[in-house]
Amino acid sequence: MNLDPTILLSGFKAGTVLYVKVALLVLIVLYALFTIMLATKIRSLDKTVFLPSESGEGIIKVFSILYVLVVLSLFIATLVIV
Amino acid sequence: MPDIFSENPTAKQATQNPPETLQQALNPVHLFTTYCRNPRGISFAEQEDDETIILFLRRDFITNVPWITATIALAFVPYLIRFIFVSTSFSLFTLPHNISLVLVSFYYVIVVGFAFANLVSWFYNIGLVTSKRGVDIDFVDLATINVATASLPDIKDVEYTQAGFFQSFFDYGDIRVRIVASGEVFTFEKVPRPTEVAGIISKLIGRQEP
Numbered sequence: 001m002n003l004d005p006t007i008l009l010s011g012f013k014a015g016t017v018l019y020v021k022v023a024l025l026v027l028i029v030l031y032a033l034f035t036i037m038l039a040t041k042i043r044s045l046d047k048t049v050f051l052p053s054e055s056g057e058g059i060i061k062v063f064s065i066l067y068v069l070v071v072l073s074l075f076i077a078t079l080v081i082v
Numbered sequence: 001m002p003d004i005f006s007e008n009p010t011a012k013q014a015t016q017n018p019p020e021t022l023q024q025a026l027n028p029v030h031l032f033t034t035y036c037r038n039p040r041g042i043s044f045a046e047q048e049d050d051e052t053i054i055l056f057l058r059r060d061f062i063t064n065v066p067w068i069t070a071t072i073a074l075a076f077v078p079y080l081i082r083f084i085f086v087s088t089s090f091s092l093f094t095l096p097h098n099i100s101l102v103l104v105s106f107y108y109v110i111v112v113g114f115a116f117a118n119l120v121s122w123f124y125n126i127g128l129v130t131s132k133r134g135v136d137i138d139f140v141d142l143a144t145i146n147v148a149t150a151s152l153p154d155i156k157d158v159e160y161t162q163a164g165f166f167q168s169f170f171d172y173g174d175i176r177v178r179i180v181a182s183g184e185v186f187t188f189e190k191v192p193r194p195t196e197v198a199g200i201i202s203k204l205i206g207r208q209e210p
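Quick mapping for you: the protein sequence lines, in order, are chains A and B. Per my numbering, the first sequence starts with residue 1, numbered consecutively. Per my numbering, the second sequence starts with residue 1, numbered consecutively.
Among the hints, a few may not be true.
Cross-link-like lysine to aspartate or glutamate pairs, in silico, DMTMM-like; alpha carbons within 25 Å at most [claimed, not checked]:
{"id": "1", "chain 1": "A", "residue 1": "K47", "chain 2": "B", "residue 2": "E51"}
{"id": "2", "chain 1": "A", "residue 1": "K41", "chain 2": "B", "residue 2": "D141"}
{"id": "3", "chain 1": "A", "residue 1": "K47", "chain 2": "B", "residue 2": "D49"}
{"id": "4", "chain 1": "A", "residue 1": "K47", "chain 2": "B", "residue 2": "D138"}
{"id": "5", "chain 1": "A", "residue 1": "K21", "chain 2": "B", "residue 2": "D138"}
{"id": "6", "chain 1": "A", "residue 1": "K61", "chain 2": "B", "residue 2": "E46"}
{"id": "7", "chain 1": "B", "residue 1": "K156", "chain 2": "A", "residue 2": "D46"}
{"id": "8", "chain 1": "B", "residue 1": "K132", "chain 2": "B", "residue 2": "E196"}
{"id": "9", "chain 1": "A", "residue 1": "K47", "chain 2": "B", "residue 2": "E48"}
{"id": "10", "chain 1": "A", "residue 1": "K41", "chain 2": "B", "residue 2": "E196"}
{"id": "11", "chain 1": "A", "residue 1": "K61", "chain 2": "B", "residue 2": "D138"}
{"id": "12", "chain 1": "B", "residue 1": "K156", "chain 2": "B", "residue 2": "E46"}
Okay, the calculated bits of chain A under chain B, using three or more residues with CB under 8 Å as the criterion [to be verified]:
{"id": "13", "stretch": "16 to 25"}
{"id": "14", "stretch": "30 to 43"}
{"id": "15", "stretch": "69 to 79"}
Label pairs and their in silico Cβ distance ranges [claimed, not checked]:
{"id": "16", "chain 1": "B", "residue 1": "R37", "chain 2": "A", "residue 2": "V80", "range": "49 to 55 Å"}
{"id": "17", "chain 1": "B", "residue 1": "F83", "chain 2": "A", "residue 2": "T48", "range": "44 to 50 Å"}
{"id": "18", "chain 1": "B", "residue 1": "F114", "chain 2": "A", "residue 2": "T48", "range": "22 to 28 Å"}
{"id": "19", "chain 1": "B", "residue 1": "F83", "chain 2": "A", "residue 2": "I65", "range": "34 to 40 Å"}
{"id": "20", "chain 1": "A", "residue 1": "Y19", "chain 2": "B", "residue 2": "D171", "range": "50 to 56 Å"}
{"id": "21", "chain 1": "A", "residue 1": "V62", "chain 2": "B", "residue 2": "S100", "range": "29 to 35 Å"}
{"id": "22", "chain 1": "A", "residue 1": "I65", "chain 2": "B", "residue 2": "R37", "range": "28 to 34 Å"}
{"id": "23", "chain 1": "A", "residue 1": "Y19", "chain 2": "B", "residue 2": "T88", "range": "35 to 41 Å"}
{"id": "24", "chain 1": "B", "residue 1": "D50", "chain 2": "A", "residue 2": "L66", "range": "37 to 43 Å"}
{"id": "25", "chain 1": "A", "residue 1": "V62", "chain 2": "B", "residue 2": "F169", "range": "33 to 39 Å"}
{"id": "26", "chain 1": "A", "residue 1": "V62", "chain 2": "B", "residue 2": "I81", "range": "30 to 36 Å"}
{"id": "27", "chain 1": "A", "residue 1": "V62", "chain 2": "B", "residue 2": "A181", "range": "40 to 46 Å"}
Keep in mind that the hints were calculated from the coordinates and are not lab data. Note that the Cβ used here is the ideal one computed from N, Cα and C, for glycine as well.
All chains should be modelled from the sequences, with the hints used to inform the complete structure.
Right, dumping it as structure tokens:
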């Protein structure tokens, strides 16, 4: 049986990279759920108290949506790049 | 025959259109407003037609300093780790460049999320004092929204606390409103100018008493 250490090491490295990738994807999915929950809460608070546009409520709403999109983009980027 | 019981049109018009002085006294609420008397353009669900908002309150802005400082510190952590590793020539493991890029990006997304969650928590922790009640909207741990109301006739007394150096120096504190029937305490936490707020609520309670 041929046991080449370089082949073994490269296999180990590839396995580690795969584990890191899966762990990253799981973490990003969990974080995406958290951001979606945050955006939903902001929407529901918007129905509880009505603040004028000058109060910056619009900025917060837009940012919450953008933030969800950024996290989802990061998930796709991890899936494609890594 | 004079019509005694007919509605007075001028009186009705006067109630529909508040006096000019009251309209001028309405103040705008901006992103960083923490205390506003007679706020303009704010309303809440279940607000009655003849109910006006007298006070708009948020936690004092100085209470945001801890999380702002933490965010700035967290933003420099990767640089610090890299500096330590480079200066000591220490390498625990070597990750491919693309994985490092995603890891660092994810880290910064979390840091921004931490700051944003804290900002939202501060922004939506609102206290309102209206001509009929006190309303406390709490955004607790990003999962729970707690809306507490106490009508003015039910309020027994008002007290405020300014504990410690910072609260006295920056003039903010807790307002506690005790409710008659239940004995529960309704709190506006860390709001600016607690003396004025307590005074306004006391005046409103006094007006409600027979």
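Tested hints:
no.: 1; hint: A:K47 with B:E51; verdict: holds (18 Å)
no.: 2; hint: A:K41 with B:D141; verdict: holds (11 Å)
no.: 3; hint: A:K47 with B:D49; verdict: holds (17 Å)
no.: 4; hint: A:K47 with B:D138; verdict: holds (14 Å)
no.: 5; hint: A:K21 with B:D138; verdict: violated (38 Å)
no.: 6; hint: A:K61 with B:E46; verdict: holds (22 Å)
no.: 7; hint: B:K156 with A:D46; verdict: violated (31 Å)
no.: 8; hint: B:K132 with B:E196; verdict: holds (18 Å)
no.: 9; hint: A:K47 with B:E48; verdict: holds (16 Å)
no.: 10; hint: A:K41 with B:E196; verdict: violated (32 Å)
no.: 11; hint: A:K61 with B:D138; verdict: holds (18 Å)
no.: 12; hint: B:K156 with B:E46; verdict: holds (23 Å)
no.: 13; hint: 16 to 25; verdict: holds (count 4)
no.: 14; hint: 30 to 43; verdict: holds (count 7)
no.: 15; hint: 69 to 79; verdict: holds (count 5)
no.: 16; hint: B:R37 with A:V80: 49 to 55 Å; verdict: holds (54 Å)
no.: 17; hint: B:F83 with A:T48: 44 to 50 Å; verdict: holds (46 Å)
no.: 18; hint: B:F114 with A:T48: 22 to 28 Å; verdict: holds (24 Å)
no.: 19; hint: B:F83 with A:I65: 34 to 40 Å; verdict: holds (36 Å)
no.: 20; hint: A:Y19 with B:D171: 50 to 56 Å; verdict: holds (54 Å)
no.: 21; hint: A:V62 with B:S100: 29 to 35 Å; verdict: holds (31 Å)
no.: 22; hint: A:I65 with B:R37: 28 to 34 Å; verdict: holds (33 Å)
no.: 23; hint: A:Y19 with B:T88: 35 to 41 Å; verdict: violated (27 Å)
no.: 24; hint: B:D50 with A:L66: 37 to 43 Å; verdict: holds (40 Å)
no.: 25; hint: A:V62 with B:F169: 33 to 39 Å; verdict: holds (36 Å)
no.: 26; hint: A:V62 with B:I81: 30 to 36 Å; verdict: holds (33 Å)
no.: 27; hint: A:V62 with B:A181: 40 to 46 Å; verdict: holds (43 Å)
Violated hints, in rising order: 5, 7, 10 and 23; the structure is consistent with all others.
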